[in-house]
Amino acid sequence: MTLYSEFRYPKQMLATQEYDGHLSIHDDSMAENLGFAGAPIEGPTHFSQFVHLLQEQFGDTFFERGCVSAHYQNMVVEGEEVRAFIEPLAPGANHTRIGAEKRDGTPVLTGTASLGPDYGETELDVRRARLKPSEQLVILSELSVGQKGAGNPESVQMAFDQHMGDMYPFSLARKLASITEQHPYYTEEGAIDSPWGRPIIPLEMISVLVQYTSDQARFGAKGPAVGLFAAQEIRMIDGPLFVDRPYLLEREIIALSESRRTESNWILTRVIDAETKALCAEVILNSATMKNSYARYEEEAKALGKALN
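Using my numbering, read the sequence shown as starting at 1 and increasing by one per residue.
Treat the hints with caution; some may be incorrect.
What the hints assert, rightly or not - Calculated cross-link-like contacts (lysine-lysine; reagent style DSS-like; alpha-carbon spacing at most 27 Å): (1) K306 with K132; (2) K132 with K302; (3) K222 with K306; (4) K148 with K132; (5) K302 with K222; (6) K132 with K222.
If you are wondering where the hints come from, they were derived from the structure by calculation, not from laboratory data.
My request is simple: use the sequences and hints to build the entire structure.
The structure is reproduced here in structure tokens:
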């Protein structure tokens with residue numbers, strides 16, 4: 001039987017987000033200028049609604065070796081209700097479909113959840129296999145597949161009261177005060193009874209940890225231009241990730257692609273324990289930059305001999 005979360009109201013926490021020196025698509029006026037009804041809530045916010053369902057399906061092992069792989073389908077604005085669901089596991093299986101939807105049935109995301117070490121074919125595995133190489137990128141023309149982050153390795157950690165920067169202008173403590181689905185393992189008090197005895201970083205905050213030092217990678221793109229998360233995978237290998245524990249990040253571009261409206265990079269970030277040097281997690285982010293948000297797109301595309309749709 002399919003497992004469903006309750007309908008919840010996710011909170012918008014990125015209204016003042018900045019990157020590359022300008023407001024992001026999570027600002028109402030910026031979103032409206034680009035033709036959207038309102039500023040979208042960031043996709044990983046919805047991951048918290050899966051945690052209890054995945055724990056019920058896989059047990060606490062999911063925090064250690066679980067993988068969530070999702071393609072974001074439709075934006076959610078604050079005030080809309082969302083619920084998550086996971087399909088039942090087949091006998092002996094460790095891989096299933098997941099999804100999230102609005103109250104009216106509009107799909108929010110679709111994807112897979114699985115348990116390692118054999119994670120099976122994930123949602124992003126399937127989508128990357130379908131990619132067709134772009135003949136000529138414009139905004140991302142300076143990037144290449146296989147390119148490593150200039151800052152490798154980057155040093156990061158997340159404390160409860162640590163401000164997470166312009167891209168994520170809040171702390172873990174503030175997120176926990178507004179998180180869509182709370183869990184006792186996220187707090188000092190509740191984690192005492194967890195298998196690890198210390199608070200873990202929430203699934204939706206792993207992307208915040210990984211993006212905290214992303215500017216050090218110097219994966220340059222032309223701009224100013226506005227981007228959004230199109231797909232994301234968080235794979236725990238030797239987890240969970242802990243609050244106040246130091247980690248190292250290594251980044252690599254694993255794919256570049258485009259659609260009629262966007263240019264996309266696919267970045268794999270490896271999360272390594274700074275003390276033991278064990279590989280703890282891998283995060284894949286498909287970030288899509290909107291062509292019409294870059295003022296010189298048509299001019300530069302023509303100069304490169306690129307055919308415009």
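Right, here's what the structure says about each hint:
no. : hint           : verdict
1   : K306 with K132 : holds, 16 Å
2   : K132 with K302 : holds, 21 Å
3   : K222 with K306 : holds, 16 Å
4   : K148 with K132 : holds, 22 Å
5   : K302 with K222 : holds, 16 Å
6   : K132 with K222 : holds, 22 Å
Of the numbered hints stated above, none is contradicted by the structure.
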